[in-house]
Each structure stands twice: as C-alpha cells, then as structure tokens.
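Student: Spelled out, the chains give:
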Amino acid sequence: MTEPLATIEETVDRDREIMTINIGPHHPATHGVLRLVVDLEGEMVREVRPVIGYVHTGIEKSCEDKSYWKVIPFVERMDYVSYFFQMEAFCGAVERLIDLEIPPRAKYLRTLFLELNRIHSHLVWLGTTALDLGAISMLWYCFRERDKILDLFEMATGQRMHTRYFQVGGVIEDIPLGFEAKCRAFAEEMPIRVGQYEALLDRNEVFLSRTKGTGIVSRERLLELGVTGPLLRAAGEPWDLRKAFDYLAYPEMDFKIPVGTVGDNYDRYRVRVAEMVESARIVGQCLDALPEGPFIADDRKYVLPPRSELSTSMESLIHHFKLVTEGYRVAPGEVYYSIEHPRGELGCFVLADGSAKPARVHFRDPSFVGLQAFRDMAVGGYVADMIASLGMLDPILGGVDR
Amino acid sequence: MPDAPGLELIRGEIERDCPAAVLATSFDRAQAALIVDPARVLDVLRWLKQQPGQRYDFLSSLHAADYLPAEPRFAVHYELINRDRVERVRVKAMLADPGSEELPEIDSCVELFPTADAQEREVYDFFGIVFRGHPNLTRILMPDDYVGWPQRRDFPVGGEPVTFTYSEQRYD
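Protein sequences, first through last, are from chains G and F. Just so we're aligned, residue 6 is where the first sequence starts under the working numbering, counting upward by one. Just so we're aligned, residue 12 is where the second sequence starts under the working numbering, counting upward by one.
If you're looking for bench data, these hints aren't it; they were derived computationally from the structure. Incorrect hints may appear among the rest.
[Claimed, not checked] Chain F is faced by these chain G residues, among others (derived, beta-carbon under 8 Å): (1) GLY47; (2) ILE57; (3) GLU69; (4) ASP70; (5) GLU229; (6) TRP244; (7) ILE323; (8) GLY352; (9) ARG365; (10) ARG369.
[Stated by the list, open to error] In silico negatives: residues of chain F with every beta carbon more than 10 Å from chain G: (11) ALA15; (12) GLY17; (13) PRO30; (14) ALA31; (15) ARG51; (16) ARG57; (17) GLY64; (18) SER72; (19) ALA107; (20) ASP108; (21) GLU112; (22) LEU148.
Where is the CB? At the ideal position from N, CA and C, for every residue including glycine.
If we strip away everything but chain F, and leave its shape as in the complex, we get (with noise of 0.2 Å):
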C-alpha cells in the first residue's frame, strides 16, 4: 500500500497530467483510494498503468457497491497491484442513481485490462451498471431473461419464489 503521503504525492501526479480527474483521497484502514470523476476513470487507470514509475498494471478486483442511501449511490471498485513496489491501490469512481427505469452508465476498460469482460459483466448483471464499449455485455451468472438487478441494496432478500412442480399456482 501507499501510505497516506504517499496517495497525496500520487493523486498530485495525476492531477498535473490529468487535471480535476481525483476527486478525493481515502486513507482508511491502511487501504489507499483514489475516489475519481466517473466520466474521467479511464484517464486515471490508464496514468496509473503506463506512467513510468507507477505502473500499477494489474487489475486484481473490479467489483460495484451500493450505498443507498448515500448519494451517489452506486460504485465501481478498481483494485490495481503495482507488482513491483507490491502496493494496492483502490480506484473508486461514484455513480448516480439516473432514477426511473434508466441504468448508471460508466466507460469499459476491457481495452485497458482485458481481465475485467467477465468482472463488468457481473456488475452489470447485478447491479444494472452500463459498461460503455463493452463488447458484449449481457447477462452472466442470472439467466438471460431474469429482469431486475438482484445485488441492489433495494431488491429485497428472499424476494425471488422458488417454484415446484405443482406449486406454481400459489404464488399467482
């Protein structure tokens, strides 16, 4: 991990080459994170992968929370290892709530790191976030035709009937 110097020193380099992209620093439990602009998320992982001297090129762990009710609502979650110094750091970029029927939309960095097609399909999949540029982005561990977004801090738990053979009617 950068400790807290460290992350500030990081954030400063970025903010020279991509300005206003950091949005805010954490430093909690010993855990690093680079809070960014959704719209500017692939301007960061990419300084972080190919600046010299960072090179932070392995992407461990894409994965989304919901805050609710905390605004905004939804993250995506980057976990980055720079192999050679051996530290995280988490790339964390907030999304909002468009309401109604609408999805929150965030740019893929399948082209940047090939290992997140399968991690941003089951974000999508869960938590109805939109990967712009994804080149297929459906449903992965639900079934095809499942509608709602299951991992949603409001979809309740049990709320899916589990139907027999025979049992059907009772739940109509």
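Okay, chain G solo, but in the shape it has when bound (with noise of 0.2 Å):
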C-alpha cells in the first residue's frame, strides 16, 4: 500500500496545486441563481468563471408577442428589485418613438417614484451585503426602511411589487390623499436612518478589514468594460446619466454626484449610501415642487380615457375599446432610450414595424455588463474577499438574464 501513495507525492506539486471548486447556482452568497467556477489555490482565487442563464426566462422575446402596453409587466420582472426603472426605460422609448410629450406632473411623480426605488434597490443590496460580511443586524435595519418604501408604493398603486404604475404617457392614477405626507415623513427620516447604518458599519473592524482595499478595478479598466453606475463613480468618475441628459424632472432637481476615490469595496459602499441620502433629498424636492395638472397625457389615441368618461362618451369607448383589444400601432422606427438604473445605465432598445406590437425589445442591463468586471475584481484575492466583491457588485441574476 505504501508505493502508490509514494508515486502521488512524486507527481504533485506541493507548491502549485490549483483546485476547482464550483459555486451555485443555488448558493446564498451569489444573490441569485449565478453559478460560479472558481479555480483556487489554497485560499486565493486564480481564475473565476461566471456561469449565466439559470434564470432566462426569454422575456425579450415574449414581448414581441404583447402589445405595447402588455410589454410594461413583463419587462418589470427583469431586474426584480428595481422594477419602476425598466418600465420608465421602456415608457420612455415608446413615448419618443410616438413622440408623446408626457405632463410636467407625470414626469415628477416618475422621479419621485424611480429615486424611491433606487433608494429601496440601494437598501436590499446593503442588508444582504452586510449580511454576507457577518453584519446580520443589518438585514433587519435595511428591511425595515425596505417595508415602509414598500407600503408608500402599495399606497399609490396597489401593489407592494412589479406595479404596472407608469404607463405609455404619464402614471396610471395620482397619489391618494395622504400619500405626500407619509412620503414627506419618509423622505424625511430616511438620512437619520442612513446615518445609523453608518454609526453600525463604519467603524466596524470586521466590516472595514473586509472592505478596504479589496476588489480593487481601475477607473479607465471599468471603462472599458462599460461598467457604469455605483461602481464606477466609486472609482473617481462622475459619470451618472442623471445629469448627463436631460430626462424627466432631473434638470430641475438640485442633487450632488457621490463619487469615490479607490475603487474599492468601501468606496462602492460609501457611494451606494450617499446616494440614498440625494434620492431621498431628490424624493423630498419632488413633493415640494410637485405640478397641478393632469398625470397622463391626453391624447386617446395612445392613453385609455378616463374611467368615469366610458358611461356618457361614445368616443371614448371606442378609443377604450381600441386600445383594450388591439392596442396602439407605432409607425416604423427604433429608439434606444438610457436612464440611471441603480446598478448604472439602462437601456432600452424598441424597434417599432408599424404593427401594434413591438419588432424587438431589447435592454442593456447594467447587471449584464457590469458582471465582466467580477473576474477583475476577484482573481489574485482571497476566496472571501471575493465575496465580499460579487455583493458590492450587486448584480440582479434576473436583469443579467432576463
């Protein structure tokens, strides 16, 4: 029995031993259905091949089968934690495609509703981000700012999830009675609340040793990987379409780019927490200056009429009626259409064959593109710093995937 194992110490390179080792796809620290090959040796990470399409659903193609207003909840279902910016992506490519000017109050409740989210997207990536670190409370803490986020958008819309709230136009309905006042208090206490998360995470020896000067990706390597959003500002570049093109309220609204220094994981999370603070600012601004007049815009050949109008105008039920069933037809053209997503640019590219339904739906998720710049962040780490990076990544398998 002795000279087998003698032979294995001959051939073995003691030194150098690479070991492959398979992450996922169901694995709690992948945030998704993401399947991770990962080739070690010892504790630090040689080579990392991201795996995808656990969870392809094939909505790009289910959707040239809707028409246009069907296609809102499904592109919703893509990144599944920030749904109002994938119906604002495609609203928006379809109101220029139509070239349908929406109304100065619709265009504020879609700010105030997309910084809400980005807010709530921002807090889900840093409860279970800490909670990958070891900081469980966290979870709790970010939850429960999550849930009051959560019941304003089930105030205003009906559901807590995939609203179905804006529309080709406009918003489906106004803000109830008493929504601007539980939303002021929200946007009120959200800094103080972000301030306690930092008092929890910013001087934690654990949370900072395992953050400071890991996963480190230069500003001009993620450029060329076309990262965009938290993870690039954290890397010194103020990049944010926000305020480089001009879309909805955000000319008018007073907000400071948070940007970075390092590139680091600290500096992804110090980032992605400012930005909470300016949504919630941005949110505050909305109320403030919130327009009279109407949510949607009025023209009936592409906006349902208003309910109460059905019993008395013989008009609308047939614009009523003609929109229910075949929907509207847009003349032939394509338009890509961009907006700040949480996780960097969002676009939406709608190529329109004249039909009432849509030639092609395509998004550019940031999830997608941003996941190329993981291999930079995790190859000559540890194999727990690596980790750490997947979560400041933040990606959303449902966006990557679609």
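Mind assembling these two chains? They're in different frames, but the hints should get you there.
Tutor: In structure tokens form, the structure reads like this:
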C-alpha cells in the first residue's frame, strides 16, 4: 500500500496546486442563480468564470408577442428589485417613438417613484451584502425601511412590487390623499436612518477590514468593460446619466453625485450609501415642487380615457375598446433610450414595425454588463474577498438573464 | 446627440480617412445613426474611438435586431457615447442572411471595446450572428446544446414545448 502513495507524492507539485470548485447556482452568497467556477490555489482565487443563464425566461422574445401596453408588466420582472426603472426605460422609449410629451406632473411623479425605488434597491443591496460580511442585524434594519417604501408603493399603486404604475404617456393614477405626508415623513427620516447604518458599519472593525482595499478595479478598466453606475463612480468617475442627459424632472433637481477615490469595496459602499441620502433629497424636492395638472397625457390615440367618461361618451368608449383590444400602432422606427438605474446605465431598444406589437425589445441591463468586471475584482484575492466583491458588485440575476 | 448637420460633418471626416465605409446616415427621432459597410465596421469604430476631437470611446450597448422581411435582414447596433461632449451616436451594420444553414458574419470589436465580450455572445446566442475573432464565441444565456436562434423573427413565440415529468410522450 505504501508504493502508490509514494508515486502520488512525486507527481503532485505541493507548491502550486490548483483546485477547481463550483459555487452555485444555488448558493446564498451569489445573490441569485449565478454559478461561479473558481480555480483556487489554497485560499487565493486564480481564475473565476461566472456561468449565467439559469433564470433566462425569454422576456425579450415574449415582448414581441404582446401589444405595447402589455409589455410593461413583462419588463418589470427582469430586474426584480428595480421594477420602476425598467418601466421608465420602456415607456420612455415608446414615448420617443410616438413623439408623445408627458405632462409635468407625470414627470415629477415618475422621478419621485424612481428615486424611492433607487433607495429600495440600495437597501436590499446593503442588507444582503452586510449579511454576507457577517453584519446580520443590518438586514433587519434595511428591510425595515424597505418595507416603508413598499408601503408607499402599495398606497399609490396597489401593489408592493411589480406595480405597472408607469404608462405610456404618464402614470396610471394620481397619488392618493395622504400619500404626500407619508412620503415626506419617509424622505425626512431616511437620511437619519442612513446615519444609523453608517454608525453600525463605518467603525466596525470586521466590516472595514473586509471591504477596505479589496476588489479594486481601476477607473480606466471599468470604462473599458462598460461598467457604469455606483461601481464606476466609486472609482472616481462622476458619470451619471441623470446629470448628463436631460430626462424627466432631473434637470430641475438639486442633487450631488457621490464619487469614491480608490475604487475598492469600501468606496462602493460609501457611494451607494451617499446616493440613498441624495435620492431622499430628490424625493423631498419632487414633493415640494409637484406641479398641479393631469398625470397622464391627453392623447386618446395612445392613452386610455378616464373611466368616468365611458358611460357618457361614445368616442371614449371606442377609444377604450380599440386600445384594450388591438392596442395602438406605432409607426416604423427604432429608439434607444437609457436611464440611470441603481446599477448603471439601463438602456431600452425598441424597434417598431408599424404594427401594434414591438418587433424587438432589448434591454441593456447594467448587471449583465457589470458582471464582466467580476473577474478583475476577484482574481488574485482571497476567496472570502471574492464573496465580498460579488456583494458589492450587486448583480441581480433576473436582470442578467432576462 | 450630434444634430443632423453634425452627423454629416462626422460622416464627411470618416469619408476622408476611411473612404466608402459609411453607406448612409439617418437622423430619426433625435437619434443619430451611421449605417456602415459591415466589412469596414471596425475601421469606423476605431476612427470614432481614437480620432482626436471625436473620442466616442464608450460603447454603452451592442445589440442586434432582425428586420425581416426587409433585406439585408439583420443589423448589429453599436451605441457609442462621447463622454466629453455628452453625445451619443449609433453605428449600424446591416447584414444579409446568407441563406440555408450558413450564419451571417461580422468582425468582433472585443479588442477595441472589451465590454462587447458578453454582448457579442448574447447576439450570437439569440440571432446566430458570428463575430469573427471573438475569443470565446459560445452560447451565454441559452443552454449549450440548444439548437436554433430564438430571437430571429421567423422563430415562433411559444415554439418551445414545456416538458414536465410524465408529459414528454405527448410531444413526441
């Protein structure tokens, strides 16, 4: 029995032994159905290959078989924590295709809900990522505030998630009585809560040593890889589509773009936490400056008539019937419309062929593109830092796979 | 966005350095697009990225579309951003369907824009457009053994029978 053992000893190089392990697709640390094939040398990551596609549901293809207004609830389900953003990207693209101007109140309401959703998305990220790093109580605190946002969504839209609130031309309903006060109270409370999170994490020795100096990717490399959003801003590039391009009510808002310096996991944490405070400020400003007037455009060729008109106006009944059965037709053309999603640039490409259904709906999802930076973050570091980096990268696999 | 005259200026400058690479321009719904010869797409992208004074050096999205029944049928879209001037321009390469089992081909731009890696794989996965020179052109979202190009317009929606346990026989 001793002889075979001796031969193994001779053939194996003890200085450099690579072990390939598989993490996921069902692993809590991968934040979704992501599979990582990792080559480890001891504790060091030498190579990592993310394998995706486990929750591919063909949403883009299914959209080709739906009339334009029925696509909205479909695309919401891609990135399931930032549903308002997908709605805005799609509705905005269709509005540009049919050249429909949305009323000022709708612009402000959309901005308000997008920023609430941004806080919501960052809260889910902060809670789950801190959980990965051992700060379990953060999850409960973050989900407490997240629940308040969901309450606000429920109050205005009737749904906590996947609300179908944005419509082509505006929003489906005005905000209800009492929403403004509740939302304002939340916007005032949120910066205090963020201060409490920081008090829990910023002087936490474990959290600091796990995040500082880990997962560094340079600004130039991130730009090459097409990564935008908080990851790019953490590396020191102040690129934010809300400032760069003019859409919704953002030109009238006063907010700052937080940027980091080194581009490590700590900077990513700081940037996102600071963004939550800025988003709460935008929510407050939207409420202060909320214009009076209609909440949806008045073009009956594209927008459903008010329910109350159906029993008195034949024209409204015809429009309602046409819109609900066939939907509206869109003249041939193509539009790429992009907005600042909590994870970077969310682009929506819609190709219209003249029928009542889009010929192609494509989403440029920031998680999908951002996941390419994961190899740069993880290779050369410890396997534990890889998990921290994945949390800080914050991919939503529903958005990656679509 | 460059406006319509700005787009023509860009086209004129490209014409000087890469003659006949740009076939047409389009300015529709405030979006500027250069329609390029698919064989010269890398020349145009490199020019837009590296030409001093242009610097469209950020590829924000690469995606494809199927214009069936139009001919040429496929298009690969490159959405470029100039971050200094905050302008977008779309480069569009139209590809004809070579017919039968053959796949349309175009040069890969991974060398110029590493971000295109996953996005070119996605286009290959769904449209069957081959990117010459891509380091690892395999399926990315669909299973490796999948047959067919599901985002093509002639691929039916619902063409995939859902097989549950014990229900396989019914579809045979």
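Student: Just pull the numbers of the violated hints for me, sorted ascending.
Tutor: Those not satisfied are hints 1, 7, 18.
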